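Participant: Protein sequence lines correspond, in order, to chains A and B. Take the first sequence: its letter number 298 is residue 687 in the numbering used here, and every next letter is one higher. Take the second sequence: its letter number 217 is residue 218 in the numbering used here, and every next letter is one higher.
Hints in this document: simulated from the structure, not taken from any laboratory. Every value quoted in this text rests on a predicted model; they were computed, and no experiment measured them. Errors might be hidden in some of the hints.
To be verified - Within a straight-line C-alpha distance of at most 16 Å, the following computed EDC-like cross-link-like pairs (lysine to aspartate or glutamate) qualify:
1) Lys503/A to Asp522/A
2) Lys76/B to Glu465/A
3) Lys507/A to Glu746/A
4) Lys538/A to Glu521/A
5) Lys201/B to Glu40/B
6) Lys696/A to Asp632/A
7) Lys538/A to Asp522/A
8) Lys507/A to Asp105/B
9) Lys201/B to Glu191/B
10) Lys454/A to Glu123/B
11) Lys454/A to Asp105/B
12) Lys744/A to Glu682/A
Stated by the list, open to error - With the C-beta cut set under 7 Å, the calculated list includes, among others, these residues of chain A facing chain B:
13) Thr410
14) His470
15) Val473
16) Ser474
17) Thr678
To be verified - Distance windows between CB atoms, simulated:
18) Leu161/B to Val411/A: 23 to 29 Å
19) Gly740/A to Thr87/B: 38 to 44 Å
20) Ala186/B to Gly570/A: 55 to 61 Å
Note that the Cβ used here is the ideal one computed from N, Cα and C, for glycine as well.
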Amino acid sequence: MNPFKFIWGMFFRLFPCPIRTVLRRVGNPGRQSPVLVTCNFYITVRRLIRKLDDMDVWLLIADSKGVNVWCAAGGEEFNTHSVVSAIKTSGIQDLVDHRNMIISPLSAPGVQAKEVQKQTGWSIRWGPVRIEDICAYLKNNQHRSEEMKRVTYNWRERLDTAIGPLFPFYFVGAIGFLLFGQHLLLNYLAISAATFFFFMLGCPWLPGRSGLTKVIVLEAILAISLVAAEIYVTPNTFSIRADLIIAMVMLFIYGSELGGLAPTMPSDLDPFLARLGIGAVGNVAFAGTVRTELINGLRELTYYREKCVSCRSCVEICPQGCWAFDDEKHAVLTKKEKCTACRACIVQCEGEAIKAEAKS
Amino acid sequence: MFSYIFMKILESRPRSYDRLMNKVSRGRVVSVKQAVVAELIASGRILDIGCGTGELAVMLIAQGASVDGFDINPKMIEIVRERIVTQNLESAFSVRHMGVDGMDGLPDSYYDAVVSTLVLSELSDDERRFAFKHALRVLKPHGLIVIADEVVPRKTIKKLIHTMIRIPMLIATFLVSRTTTRPLANLSGELTAVGFTIEKETRSHGDSFAIVVGHLAQENQI
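So that you can see chain B by itself, here it is in the shape it has in the complex:
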C-alpha cells in the first residue's frame, strides 16, 4: 500500500484521481473501499469524512445507504457534485465543502455510521482528535465507525522495512507535491481515548494498512 503516498500528487489532478490512484495501487484502493463497505452491510445514514471524488459513497449508496460527505478539496467537491447529478444520486448523497473542523456543526446522534478512508493520516493530531470526538457525538447509540488508513507496523523489523521502502517514495512525493502523509502510530488507541470501543482491527499490506471498526463505548451510549 506504499503507492498511497502518491495520493498527494494525484490530488492535484482530481478528474483522473480515481483512475490513476487505482492504477498506481494496482486496484488495492478499490479493494480497501470494498472492505469498508463490507463492514457496513446494513443500510442507514452514513457520514463520509474526506469523501474525495465520492467513490466510496457511491458503493455505500449501492448497498442502500444514504451518505453525507465532506471534503476540504474544492476540486473534489466539484467532481462529486457532477457525479451526483449524472448518476441521479440527489436523494441519497449530499456533500459539502469543509474540513474536519466543520464537524462541530453536524447534528447529535444522527448517523448510523461514520467512515473515513485514506484521510486521517493527512490530518494533524489535534484535527484527528477533534474529528473522533465529533464522530462520537454525531453517531447514534449503536452506530459504527470504520476507518481505513495507513498505519505504522507494530513489529520493529516490519516498521524498519516499511520506513526504508517509504523513504524514496516520500522524497519523490515531497519534491513534486511539497507535502506528504504520515502513517498513524496508534489509530485504535486514539479512537479508544475519545470513547470508542474497538470491535476489530484488520491489518494488511505488511502490517502497514489497517481497517478499524469501532462503536460507542457502553458509557457513551444513551
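Bound-form chain A, shown alone:
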C-alpha cells in the first residue's frame, strides 16, 4: 500500500489520485482467464485487488485521469478511447485466447461498448456495480443478479463517498480558523463533523429529492434558532451565533454536494452553476453538457420505438433500473422519476433509439 496515495485518495477525492495504467496479473491468470478493465484511481484498484485475492484474473488498468469509474465516465475522462488504447497497447491480446472484457456498468456513460468492439474486436460484458460483488459474479459464471445491476446508497456508501470530496472543505475551514479564529476552532471542528454525520446518515429521511432541497428544512430550523437566540437568549454570545452560522454554512456545502456524490440522485451543483452562468472551472464543464441540460429541463429523454433493435442495453445498463421491456420487445421508460441523467442508456443504445432531445 502507498500510504500517501491512500490518504490522498480517501480524503482528497475531489482531486484525482492516479496510478500507472498497466496490465496486472492477479493470482495466476492463464489464456482463458477473465480480463477485468477498470479505471486508474488508486482507491478503486486497491479495493478491487483486495477483493480479487483468491481469483486468477487479468486486471487492465485504463486511463481515467486518476478519477473513479462513475465520475470519470460521467465527465468523459474514462471513455471509449481509454479502453481501446489499454486493450491495444497493453499486450493483453497476445496473452488470452478470448476477446471478452468485464467492466463496471458505471463506466457506461463514457465507454461505448459497440465502438470498443468495432475498434478492437473485444466484447464488453457489464460486471456488477459494486466491487464487493465481483467474486460472486465471477464464481457464478459471470452472471449478474438484479441487485448487482443497480446502484444503492446505503449508510456505508454515503460515508465513503462523502468523506473524500467533503474533507477538503473541512480541512480548508480548519486551516482558516487556525489562522484567523483560533477561539472558534474547536467549535468549528465539532459542529462541522456533527452536521456532516447527521446529514449524511439522515439524508434519506429528510424531505426533498435533491441535496439542496433536503437542507432547506434544516437551514430553516437553524435560521429560526438564530433569530430566536437573538431575541430570547440573554446574554446572547458570539459563540452561539458563530456555532449556528457554521452549521448553516457547512450544511449548505454538504447539501449542494450530495447530488454529485450520490449515484441515486441527479447532480445539483453543476446545473445550479450552469444556471448562474458559470460554464466551467478549469477543465470541468458545467454548462452545455447533455447531463446538465437534461437536469435543467433544456432537454428530455426521448425514445424512438421504430429505431429500437431490442438490444436491451438500456435495461441492462441503467443503474437506477428506469427501463423495462414490453411484450413486443421494445423498451419502456417505466421509472422516469428515478433517472439521474447519467446518459448511459443514450450512449449504449445500439439502435440509437434513445436521445436527449432539446425541448422546443
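Knowing the structure of chain A, use the given hints to seat chain B on it.
Facilitator: What follows is chain B alone, placed relative to chain A:
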C-alpha cells in the same frame, strides 16, 4: 522549460493555445519546433504524432515536406482543419482524430520521418512503447525519428533542482486541469529497446529537455 507543465491547462483553450504557450514559455516552444525542423531538412512524407494545432507541421511544409498528423484532442483537430483550409495546405497536410493506439492502422514503410514534440510525456508507458513500435514499422528503411520532450535530468543534483522547481507548478496545474505530465526517464533507452539506433541526443534547459534523433537499427532495415 518548466512552463511546459502549464500545457495541460492551456490545452483546454485550443484557440489561443499557440499564443499562450509561446508566451508562458517565452518563445521556447517555437525554438524547440524550429530545432526539430532543422533535423529534417530533406523533404519527404512526415508523420506528426500529436500534431496539436499543426504549428510544427506548417513549419515542416514550409521546408517542402508533406505531413500526416493526428491528435487525440478533437478541438485541436478542428483548428488544424481550419488552418489547412485558410492556408491552402490541402495537398501537403492531412490530419485525423486519433490517439497513438490508432497507429496500427498506418501503412508499413511509408514515412521518411516520424516527429513528436511535447506529447510522449503525456502517454502511459504502454502507449509510448506501442507508438515507438509502430513508428519503427511505418518508417522507410532510412527514415528518421525525431522526438522533443521533457526528460528527467541525468545528474542527481540537477534532478533534485528540477523536481523542486517543478513541484509548485505541478500542484498549480493539477489543481486547475486535474492532470499533469510526466518527464521521461529514459527516452533514448526506450527508443533503442524497440529497435532504433540513436544518432544524437541534445539536452537543454538545465538537462530537462531533450531532442532525440534516431533511425532504424541496421537489423531492422530492409
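Participant: Next, verify each hint and record whether it holds.
Facilitator: Hint-by-hint comparison with the structure:
no. : hint                             : in the structure
1   : Lys503/A to Asp522/A             : violated, 25 Å
2   : Lys76/B to Glu465/A              : holds, 15 Å
3   : Lys507/A to Glu746/A             : violated, 26 Å
4   : Lys538/A to Glu521/A             : holds, 13 Å
5   : Lys201/B to Glu40/B              : holds, 10 Å
6   : Lys696/A to Asp632/A             : violated, 58 Å
7   : Lys538/A to Asp522/A             : holds, 10 Å
8   : Lys507/A to Asp105/B             : holds, 15 Å
9   : Lys201/B to Glu191/B             : holds, 14 Å
10  : Lys454/A to Glu123/B             : holds, 11 Å
11  : Lys454/A to Asp105/B             : violated, 24 Å
12  : Lys744/A to Glu682/A             : holds, 13 Å
13  : Thr410                           : holds, 4 Å
14  : His470                           : holds, 6 Å
15  : Val473                           : holds, 6 Å
16  : Ser474                           : holds, 4 Å
17  : Thr678                           : violated, 14 Å
18  : Leu161/B to Val411/A: 23 to 29 Å : holds, 27 Å
19  : Gly740/A to Thr87/B: 38 to 44 Å  : holds, 39 Å
20  : Ala186/B to Gly570/A: 55 to 61 Å : violated, 46 Å
Violated hints for the displayed structure, listed by number in ascending order: 1, 3, 6, 11, 17 and 20.
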